[in-house]
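Asker: The primary structure of each chain is shown beneath.
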Amino acid sequence: MRNGECGMRNDKGESKRDATPGTANSAFRIPHSALTFTFTLNGAPVTVSVDPTERLLDTLRYRLGLTGTKEGCGEGECGACTVYLDGLPVNSCLVPAYQVREARVETVESLDPAALESLLVHGATQCGACTPGVAMTACWIQSHRDLLTTHTIRELMAGNLCRCTGYDGIVDGITAALEARS
Amino acid sequence: MHRLEGLAKLTGRERYVDDLPLDSFLWGMTVRSPAPRGRITAVRFGAGIDWSQYTIVDHRDLPGPNEIALIEPDQPVLAANIVRHVHEPVLLLAHPDRAALRRAVRAVTIEIAPEPAVLDFRIAPRPDQIQYGADNVLKHLVISKGNVERALAKAPLVVEGTYETGAQEHVYLEPQGMIAELDGGVLVLRGSMQCPYYVLKALLHALGRDAQQVRVIQTPTGGGFGGKEEYPSTIALHAALLTLQSGKPVKVVYDRGEDMAATTKRHPSLVRHRTGVTRDGRLLAQDIEVVMDGGAYVTLSPVVLSRGIIHAAGPYHCEHVRIDGRAMFTNAVPFGAFRGFGAPQTHFANERHMHRIAACLGLDPAELRRRNLLADGQSTATGQVIADGTDRLAILDQALTLADYDAKRTAHAGFNATNATKRRGMGLATFHHGAGFTGSGEVMLASRVHVAGLPDGRIEVRSANIEMGQGTLTVFTELAAARLGLRPSDVIIATADTARVPNSGPTVASRTSMVVGGLVERACDDLRKQLGFDRSIKGDAVRAALVRWYKKHPGETLLGEALYERPPGIVWDDVAYRGDAYGTYAWAAYVAEVEVDLRTYDVRVLDIVAVQEIGKVLNELLARGQVQGGVAQAIGWALLEECRWKDGAMANAQLTNYIIPTSDDLPSIRVAFLENPYAFGAQGAKGLGELPMDGPAPAVLNAVAAATGADPCVIPLTPERLMELIENAEWGMRNAE
Numbered sequence: 001m002r003n004g005e006c007g008m009r010n011d012k013g014e015s016k017r018d019a020t021p022g023t024a025n026s027a028f029r030i031p032h033s034a035l036t037f038t039f040t041l042n043g044a045p046v047t048v049s050v051d052p053t054e055r056l057l058d059t060l061r062y063r064l065g066l067t068g069t070k071e072g073c074g075e076g077e078c079g080a081c082t083v084y085l086d087g088l089p090v091n092s093c094l095v096p097a098y099q100v101r102e103a104r105v106e107t108v109e110s111l112d113p114a115a116l117e118s119l120l121v122h123g124a125t126q127c128g129a130c131t132p133g134v135a136m137t138a139c140w141i142q143s144h145r146d147l148l149t150t151h152t153i154r155e156l157m158a159g160n161l162c163r164c165t166g167y168d169g170i171v172d173g174i175t176a177a178l179e180a181r182s
Numbered sequence: 001m002h003r004l005e006g007l008a009k010l011t012g013r014e015r016y017v018d019d020l021p022l023d024s025f026l027w028g029m030t031v032r033s034p035a036p037r038g039r040i041t042a043v044r045f046g047a048g049i050d051w052s053q054y055t056i057v058d059h060r061d062l063p064g065p066n067e068i069a070l071i072e073p074d075q076p077v078l079a080a081n082i083v084r085h086v087h088e089p090v091l092l093l094a095h096p097d098r099a100a101l102r103r104a105v106r107a108v109t110i111e112i113a114p115e116p117a118v119l120d121f122r123i124a125p126r127p128d129q130i131q132y133g134a135d136n137v138l139k140h141l142v143i144s145k146g147n148v149e150r151a152l153a154k155a156p157l158v159v160e161g162t163y164e165t166g167a168q169e170h171v172y173l174e175p176q177g178m179i180a181e182l183d184g185g186v187l188v189l190r191g192s193m194q195c196p197y198y199v200l201k202a203l204l205h206a207l208g209r210d211a212q213q214v215r216v217i218q219t220p221t222g223g224g225f226g227g228k229e230e231y232p233s234t235i236a237l238h239a240a241l242l243t244l245q246s247g248k249p250v251k252v253v254y255d256r257g258e259d260m261a262a263t264t265k266r267h268p269s270l271v272r273h274r275t276g277v278t279r280d281g282r283l284l285a286q287d288i289e290v291v292m293d294g295g296a297y298v299t300l301s302p303v304v305l306s307r308g309i310i311h312a313a314g315p316y317h318c319e320h321v322r323i324d325g326r327a328m329f330t331n332a333v334p335f336g337a338f339r340g341f342g343a344p345q346t347h348f349a350n351e352r353h354m355h356r357i358a359a360c361l362g363l364d365p366a367e368l369r370r371r372n373l374l375a376d377g378q379s380t381a382t383g384q385v386i387a388d389g390t391d392r393l394a395i396l397d398q399a400l401t402l403a404d405y406d407a408k409r410t411a412h413a414g415f416n417a418t419n420a421t422k423r424r425g426m427g428l429a430t431f432h433h434g435a436g437f438t439g440s441g442e443v444m445l446a447s448r449v450h451v452a453g454l455p456d457g458r459i460e461v462r463s464a465n466i467e468m469g470q471g472t473l474t475v476f477t478e479l480a481a482a483r484l485g486l487r488p489s490d491v492i493i494a495t496a497d498t499a500r501v502p503n504s505g506p507t508v509a510s511r512t513s514m515v516v517g518g519l520v521e522r523a524c525d526d527l528r529k530q531l532g533f534d535r536s537i538k539g540d541a542v543r544a545a546l547v548r549w550y551k552k553h554p555g556e557t558l559l560g561e562a563l564y565e566r567p568p569g570i571v572w573d574d575v576a577y578r579g580d581a582y583g584t585y586a587w588a589a590y591v592a593e594v595e596v597d598l599r600t601y602d603v604r605v606l607d608i609v610a611v612q613e614i615g616k617v618l619n620e621l622l623a624r625g626q627v628q629g630g631v632a633q634a635i636g637w638a639l640l641e642e643c644r645w646k647d648g649a650m651a652n653a654q655l656t657n658y659i660i661p662t663s664d665d666l667p668s669i670r671v672a673f674l675e676n677p678y679a680f681g682a683q684g685a686k687g688l689g690e691l692p693m694d695g696p697a698p699a700v701l702n703a704v705a706a707a708t709g710a711d712p713c714v715i716p717l718t719p720e721r722l723m724e725l726i727e728n729a730e731w732g733m734r735n736a737e
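Quick mapping for you: the protein sequence lines, in order, are chains C and H.
Counting in this note's numbering, the first sequence tops out at residue 182, every number present.
Counting in this note's numbering, the second sequence tops out at residue 737, every number present.
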């Protein structure tokens, strides 16, 4: 069976993880081999001690209690765990937590609810599990509208899988928000 | 009105099961069978792990019968001596440290003495493969109308076809998850689910506890599509057993890989058609054989098969129909509920077959439908006389008009004659979907809804029907507010908690808005009646009367109640499979336009138009979202989503190689509604949620057929399959020359 640590495969792999027995991936206690570092989270500095194999996703969700960021696949396909790392959208399931030392991370909790109104009224959310990631990418497109000269909204949203909406609500919501601001 | 909980979802404030705060709990995980069939000869715990630190549960730890209560009690909670499918749960482990737990799961070896497994439902089993009854048939159902053999013998033309559909994974974005804990003597389960009372029933049965000792609470559910209909009972039992063993809260949350590999999927199907038609395209006889892969346990296969065969002849008039359906036991992970529940499979076959018939007759596929769509007064395959006043031809015509069908077909002829590498085509499907439980199902459910008055003049709707993205919270709020003339903010929808809400049945079968919504309205009426008012009294008067009532009756609760009542005139014979299979049907016509790239065999859907009559549209935004999402899921099933099997296991149980549509794979999905209110649905509504799953696959494949001249009969129609089909046909033609 699969054990869903796929997010780490591209990084340190099995041997590293097995070299730190008894440590917690999603943990509530600090392992002996912890790395301690500081980063800027939603505008404020935070210091964490994490296992070297810990994913940023787990640090945010289980260690810092920011559960808005969701795990949909754990391998960078679905985009539900999208956060901004130094201003760029990334899949936080593919980012080892220590890689954000000294960096700037923003999560869905940092978004201005008023900026999400257009997504709401156009039906961009149904079950909500992909939605925080969709909201992050949608807001990022809105603040990088020059991309729309070379890409369509559908192309730019293709990293966020949604199983409920068929994407029309998402695309319409972004389009309307862009039009309202232009 | 917008989705009520929408902003909480957009801002990440909505808390799903894995987001809930929980103190000093254990993670739970499942050790699963490595083989599709065999005897368990040993369970070995590997060296290097202090197993005393782990909570360990196997089948011997069940306080009650080792059975997951559903239609048949054949599925164990944990395999005892034999395993019947890969990934069957054998052992449960719990530990506070999730990473350590994952290592421990890998360190357990289940040794199996293999036995001959059945891995292809289409092939008759050998004697040593028989594991269910005398022939591995989980369920056999027959619908019969008129005399098919005689009609076929007399028919001027008989068209045959065989159609296959593959398994489909739900891919709800929130994986399955459940938390178990003890609150005093009460075992409390919280989790992602569609049917709290199914979970409760399963817990009471296998744990041997009485109803006061178990409580099931639904948490915000990140998609279901049927995948959280029956499966949550299993995961709830697993979490519960670990909690009972350890005395601690236990959280079981599957990761995507485990969820895809081990939970249910859409039933694969094989459907054979033999159809007698006149030269001018009237259906004389439909002889249909439906075979579905049920997997290793009965689960819901009998009812999936039932809905499948009832829809198999389509929305057409035909005097002579025989439908023979079988659900087969195999050693596959059990197949289960999935949006459409058997109907998408049979509609796919029938609508592809209609296209083939039209081609045989040299008739426009739209014209063939026009000549056969049910008119009022005519009857379905089960003999149900349709007399709802819906103009099914108008639905078809509107879809054709919106899609610009005739002009596009002409344009495509020119395009295809001149383009070196691309081919375009139009395809359509006309279909129907029965709303609510089949036959006597709603009567047996005996659903009940409460609407409680509150001391401040607001009301609380109490039902077991849940929000999973489809809009229950919003729709129930709107229905109750409208009924009593209240503001939406005066309406609270209770959490689906079996300790607080009555059993209003499962959140499945497109029944929630139509059936349970109707109960919400009637429970509102009952509440108002108890205040001494008739239905003309609304709004402030109701609020004020509630406040007065509570001042007079401190400590009491004023409860309006509604119980399901079968609409008059519905007659269903469960033995003969004849009569009114559903109280009502939604009707639809979908038109797809595709472009096929002859270099890559990639099929791109350029346009899709979905027109449906659903009684009354309760909330336009939510209804459109249901259709668009269903169409997207169905296009995925038609073109992209392939479960690849290896020795009974899903070999591509990850989103890297099980491909669902992205925003860039789909066109804008164009939706239109026609209304013809249904007297027994909330505000006239019929069921909607499943309907859009039925039409897109045949519409898209019919468009591919129109574009290429190929006759694709198997989905998913991957580029590989289409390449084989077209290149083999070209080879055949060249050889014939």
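It should be emphasised that the hints constitute simulated quantities derived from the structure, not laboratory data.
Don't take every hint at face value.
Over the 10 Å line for every Cβ pair with chain H, so calculated as not near, a few chain C residues [what the hints assert, rightly or not]:
1) Thr47
2) Lys70
3) Leu85
4) Arg145
5) Thr152
6) Glu155
7) Asn160
With beta-carbon atoms standing in for the labels, derived distance ranges [as the list claims (entries may be wrong)]:
8) Arg106(H) / Ser182(C): 50 to 56 Å
9) Gln99(C) / Ile130(H): 35 to 41 Å
10) Ser182(C) / Val385(H): 55 to 61 Å
11) Gln99(C) / Thr656(H): 51 to 57 Å
12) His151(C) / Gly732(H): 30 to 36 Å
13) Leu64(C) / Pro73(H): 51 to 57 Å
14) Thr175(C) / Val575(H): 33 to 39 Å
15) Asp597(H) / Thr47(C): 30 to 36 Å
16) Ala729(H) / Ala114(C): 53 to 59 Å
17) His151(C) / Gln378(H): 48 to 54 Å
18) Thr47(C) / Ser52(H): 44 to 50 Å
Note that CB positions come from ideal geometry on N, CA and C, so glycine has one too.
Asker: None of the hints should be skipped; say for each whether it holds.
Answerer: Hint check results:
1. Thr47(C), annotated as away from the interface, keeps every beta carbon of chain H farther than 10 Å; the closest lies near 22 Å.
2. Taking the minimum C-beta to C-beta distance to chain H, about 7 Å, the non-interface status of Lys70(C) is violated against the 10 Å cut.
3. Non-interface call for Leu85(C) relative to chain H: holds, since the shortest CB-CB distance, roughly 17 Å, exceeds 10 Å.
4. Listed as outside the interface, Arg145(C) is consistent with that label: its C-beta sits roughly 17 Å from the nearest C-beta of chain H, beyond the 10 Å cut-off.
5. Not every CB of chain H is more than 10 Å from the CB of Thr152(C) (nearest about 8 Å), against its label as outside the interface.
6. At the 10 Å boundary, the C-beta of Glu155(C) falls inside the reach of chain H, the nearest C-beta of that chain being 5 Å off.
7. At roughly 8 Å, the least C-beta separation between Asn160(C) and chain H is not larger than 10 Å, which violates its mark as non-interface.
8. A hinted range of 50 to 56 Å holds for the C-beta pair Arg106(H) and Ser182(C), which are about 54 Å apart.
9. At roughly 56 Å, the beta carbons of Gln99(C) and Ile130(H) sit outside the given window of 35 to 41 Å.
10. Remark: the range hint 55 to 61 Å for Ser182(C) to Val385(H) is upheld by a beta-carbon distance near 56 Å.
11. Distance hint for Gln99(C) and Thr656(H): a CB-CB separation of about 22 Å, inconsistent with the stated range 51 to 57 Å.
12. Roughly 43 Å separates the CB atoms of His151(C) and Gly732(H), a value that falls outside the hinted 30 to 36 Å.
13. About 45 Å separates the C-beta atoms of Leu64(C) and Pro73(H), a value inconsistent with the hinted range of 51 to 57 Å.
14. Under the hint 33 to 39 Å, the C-beta atoms of Thr175(C) and Val575(H), about 55 Å apart, miss the expected range.
15. At about 53 Å, the CB distance of Asp597(H) to Thr47(C) disagrees with the hint of 30 to 36 Å.
16. Hint check: Ala729(H) to Ala114(C), Cβ distance near 57 Å, so the stated range 53 to 59 Å holds.
17. A hinted range of 48 to 54 Å for the beta carbons of His151(C) and Gln378(H) is consistent with their spacing of about 51 Å.
18. In this structure the hint that Thr47(C) and Ser52(H) lie 44 to 50 Å apart at CB is violated, the actual value being about 35 Å.
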